[in-house]
Amino acid sequence: MITPEQHIRLYKEMLRIRCAEAALAERYKQQEMRTPTHFGLGQEAVPVGVCAALTKEDVAYSHHRSHNHYLAKGGSVYRLAAELFGRKTGCSGGRGGSVHLTDRESGFIASSAILAECVAMATGSALSFAMDASDRIAVAFFGDAVAEEGAFYECLGYAALKKLPVLFVCENNGYATESPLSIRQPEGASIHGRVASFQIPTRNIDGNDVAEVYLTALEVVDEMRRKPGPVFMECRTYRWLEHVGPFFDHELKRTYRTKEEVEEWMAHCPVKRHGAYLLENGHATGEQLSTWETETRKSIEDDIERAYQDPWPDVQTLMDKVY
Amino acid sequence: MRIIKYNEAISEATVEAMTRDPSIFLTGHAAAYPSGLFGTTARAAETFPGRVFDCPSMENAFAGIAVGAAAMGKRPVFVLPRADFMFLAFDNLLNLACKWHYMYDGNAGRVPIVIRAAVGKGWGQGATHSQCPHAPLAHFPGLTVALPSTPADAKGLLLNAYTNNHPVIFFEHRSLFGTEGEVPEQMDPIPFGKARIAREGTDLTIVATSLMTLEATIAADELAKQGISIEVIDPRTVRPLDEETILASVAKTGRLIVADCSWEMCGFSSEVAGLIAEKGFHSLKAPVRRIALANCPAPVSLPLETAFYPKASTLAQAALRLLNKDEQDLAGIDRVDYFKGPY
Ligand SMILES: Cc1ncc(C[n+]2csc(CCOP(=O)(O)OP(=O)(O)O)c2C)c(N)n1
Chain S
1 MITPEQHIRL YKEMLRIRCA EAALAERYKQ QEMRTPTHFG LGQEAVPVGV CAALTKEDVA
61 YSHHRSHNHY LAKGGSVYRL AAELFGRKTG CSGGRGGSVH LTDRESGFIA SSAILAECVA
121 MATGSALSFA MDASDRIAVA FFGDAVAEEG AFYECLGYAA LKKLPVLFVC ENNGYATESP
181 LSIRQPEGAS IHGRVASFQI PTRNIDGNDV AEVYLTALEV VDEMRRKPGP VFMECRTYRW
241 LEHVGPFFDH ELKRTYRTKE EVEEWMAHCP VKRHGAYLLE NGHATGEQLS TWETETRKSI
301 EDDIERAYQD PWPDVQTLMD KVY
Chain E
1 MRIIKYNEAI SEATVEAMTR DPSIFLTGHA AAYPSGLFGT TARAAETFPG RVFDCPSMEN
61 AFAGIAVGAA AMGKRPVFVL PRADFMFLAF DNLLNLACKW HYMYDGNAGR VPIVIRAAVG
121 KGWGQGATHS QCPHAPLAHF PGLTVALPST PADAKGLLLN AYTNNHPVIF FEHRSLFGTE
181 GEVPEQMDPI PFGKARIARE GTDLTIVATS LMTLEATIAA DELAKQGISI EVIDPRTVRP
241 LDEETILASV AKTGRLIVAD CSWEMCGFSS EVAGLIAEKG FHSLKAPVRR IALANCPAPV
301 SLPLETAFYP KASTLAQAAL RLLNKDEQDL AGIDRVDYFK GPY
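First to last, the sequence lines map onto chains S and E. Position 145, counted from 1, in the first sequence is what this note's numbering calls 145; the numbers after and before it change by one each time, with no gaps. Position 47, counted from 1, in the second sequence is what this note's numbering calls 47; the numbers after and before it change by one each time, with no gaps.
You may find that some hints are simply not true.
[As the list claims (entries may be wrong)] Straight line, CA to CA, 20 Å or less: simulated SDA-like cross-link-like pairs of lysine to any residue:
1. K259(S) to Y33(E)
2. K88(S) to A127(E)
3. K88(S) to A307(E)
4. K321(S) to A127(E)
5. K340(E) to K259(S)
6. K279(E) to A294(E)
7. K321(S) to A294(E)
8. K340(E) to K321(S)
9. K253(S) to K340(E)
10. K29(S) to K340(E)
11. K340(E) to F248(S)
12. K340(E) to F247(S)
13. K253(S) to G39(E)
14. K88(S) to K279(E)
15. K321(S) to P297(E)
16. K253(S) to S35(E)
17. K88(S) to S35(E)
Think of the hints as simulated: they come from the structure by calculation, not from any bench.
With the hints as extra help, turn the sequences into a complete structure.
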């Protein structure tokens with residue numbers, strides 16, 4: 001059961017991430033964020049639903065499309081924006097860029113750009129938790145292409161063998177850059193189907209329905225705390241923008257997917273969908289929704305502007321922290 | 001002569017070689033799409049749809065799959081949009097492919113594999129999308145490691161790679177894809193281990209790899225205006241290495257700068273410095289100077305990234321110092337980077 005307050009919290013968190021990504025993508029077009037960026041527009045429900053089921057002590061890792069996960073785990077828009085601008089105040093001091101985020105305080109340990117690294121890191125953190133008999137959980141957020149890397153299967157086997165408290169969350173958005181899943185996995189196969197053969201419990205859910213994601217995550221997290229062992233969630237979702245960069249594919253005349261397909265998925269927008277749910281169930285009024293949106297946008301614009309005004313790192317610091 | 005772009009030259013070599021040899025096939029992530037490896041695979045994909053195909057993200061296994069296919073007579077070409085992803089392929093590449101011919105005494109056939117990888121640079125490509133591991137790879141007996149810096153070299157070396165009988169690693173620099181140069185319509189393969197003297201000179205030698213050849217040429221052009229004569233040598237392959245051309249040049253000039261697009265420590269610049277210390281010591285009029293990346297991972301932030309990469313002015317300044325001339329403000333000679341990201 002999700003209380004009305006929780007529903008509202010889920011909505012507001014998705015709204016924060018949506019507005020942040022939309023504003024950052026818009027700002028990105030001015031060419032002052034010099035870091036290859038994979039925006040997460042359209043994929044907000046999974047990070048929000050999963051992170052809402054975690055505590056601050058639980059840790060999360062992510063892949064290249066990491067803003068949503070960083071934000072949902074508790075990272076700040078301001079420090080993310082500063083990172084994208086390459087400022088000293090960025091969450092990685094401006095050194096890592098969009099694909100190398102961290103916010104240890106909120107339990108977002110790291111995102112990294114090489115596929116499947118996040119899966120191995122989360123498995124390692126879970127190993128540490130298991131050795132300490134702690135009830136903490138490690139989560140890896142990643143996309144469907146990670147299920148093609150060998151390290152993924154090595155981690156599944158290891159996590160199952162050692163009963164590690166690691167939650168694998170696969171956001172299956174159907175594409176890896178321009179390559180559709182249909183030419184990367186045999187017909188009739190599924191990622192969760194393969195994972196199940198490792199004796200790992202799996203869930204296959206609608207990743208654009210934040211309530212479903214949250215309820216599923218609550219249930220599996222509870223299960224994992226009581227009886228440690230890995231769980232795999234496959235969440236079906238869709239990326240709205242180009243693979244890397246701030247534009248829609250059709251704006252750049254790319255043909256690997258159609259504008260119609262994108263628009264169809266945009267009609268299943270996880271944020272709008274949950275907004276409609278709040279209205280239908282009387283959890284919020286239309287006026288509230290629009291006030292929240294206005295306030296969120298404003299505070300995000302302020303964060304981004306503040307980050308923009310921040311200083312560059314001093315060139316003299318180039319060699320700092322090399323060991 | 002005809003002028004074409006670096007990526008066009010690569011595309012042309014690929015189509016020509018595939019036309020001649022039906023055993024060549026090309027794969028890699030999104031290889032069969034217009035964007036495939038910066039447009040270098042699109043024409044091959046159109047022309048040979050059965051032999052250019054997409055590949056899931058499986059760098060580790062695919063290097064081994066390539067060995068197996070090659071052992072059966074295929075000529076696999078594996079393309080990687082960033083050289084950094086090749087680290088996952090090191091096992092099959094270094095424990096198997098490059099040892100194959102020797103370890104089985106030639107009895108297990110040949111494994112003619114070509115791995116083509118783009119080296120990222122600039123616009124915040126960052127620590128894990130900008131590395132050029134030519135030096136660690138060149139460390140291993142059995143591999144050929146090529147880093148062409150011009151369209152003609154790219155085409156000629158690639159034509160050789162596509163007909164060679166052993167594994168070849170081919171680094172294509174992101175900043176070079178859009179550069180132009182003369183490329184004859186009919187081109188012979190360029191042999192491995194044969195350096196190109198990009199510019200003749202008498203006062204100082206710069207041995208430069210990949211993009212650094214371009215930077216060295218700009219530095220040389222600038223210093224020529226002041227009556228300083230720089231010889232620029234592009235080794236084209238770092239394994240095999242054309243020691244002879246480098247030694248002959250240093251014998252003439254007595255001064256050497258090695259400019260590399262990776263780090264100094266155990267790197268290519270150190271290798272050439274070692275070569276000169278051992279075989280060219282008596283020609284030297286000044287210590288050898290290595291110019292390489294700053295000794296840290298590539299930072300994203302613009303001022304740090306700018307400081308991280310050596311450029312034409314860095315080389316010109318170093319040359320002036322080796323020649324006991326006063327330093328000058330040379331920042332104006334550096335190329336404007338037109339790369340507007342994101343990838
Ligand atoms: C080992 C490795 N190989 C290749 C890449 C290049 N690459 C970056 S993102 C990507 C596709 C990822 O697709 P998916 O996992 O579905 O995530 P999405 O981008 O769709 O969120 C690829 C192949 C990489 N980063 N690391």
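We went through each hint and held it up to the structure:
Our distance criterion of 20 Å between C-alpha atoms is met by K259(S) and Y33(E), whose separation comes to about 18 Å. Restraint check for K88(S) and A127(E): the C-alpha separation of about 17 Å stays at or below 20 Å, so the hint holds. For the suggested pair K88(S) and A307(E), the alpha carbons sit about 15 Å apart, so the restraint of at most 20 Å is met. Between K321(S) and A127(E) the alpha-carbon distance is near 14 Å, which keeps this suggested pair within the 20 Å criterion.
Using a Cα cut-off of 20 Å, the hinted pair K340(E) and K259(S) is violated, with the two alpha carbons roughly 25 Å apart. Annotation: proposed proximity of K279(E) to A294(E) is violated, straight-line Cα distance about 28 Å (limit 20 Å). Only pairs whose Cα atoms come within 20 Å are accepted, and K321(S) paired with A294(E) is accepted, the gap being roughly 13 Å. At most 20 Å may separate the alpha-carbon atoms for a hinted pair to count; K340(E) and K321(S) exceed this at roughly 29 Å.
Using a Cα cut-off of 20 Å, the hinted pair K253(S) and K340(E) holds, with the two alpha carbons roughly 18 Å apart. Pair hint K29(S) plus K340(E) holds up; C-alpha atoms about 10 Å apart against a cutoff of 20 Å. For the proposed pair K340(E) and F248(S), the alpha carbon gap of about 17 Å is at most 20 Å, so the pair holds. With a CA separation close to 14 Å, the supplied pair K340(E) and F247(S) stays within the 20 Å bound.
For the suggested pair K253(S) and G39(E), the alpha carbons sit about 15 Å apart, so the restraint of at most 20 Å is met. The hinted pair formed by K88(S) and K279(E) fails the criterion: a straight-line CA distance of about 47 Å is larger than 20 Å. At most 20 Å may separate the alpha-carbon atoms for a hinted pair to count; K321(S) and P297(E) meet this at roughly 10 Å. Distance restraint check for K253(S) and S35(E): the Cα-Cα separation of roughly 12 Å lies within the 20 Å cut-off, and the hinted pair is therefore satisfied.
Proposed proximity of K88(S) and S35(E) is contradicted: the alpha carbons are some 34 Å apart, above 20 Å.
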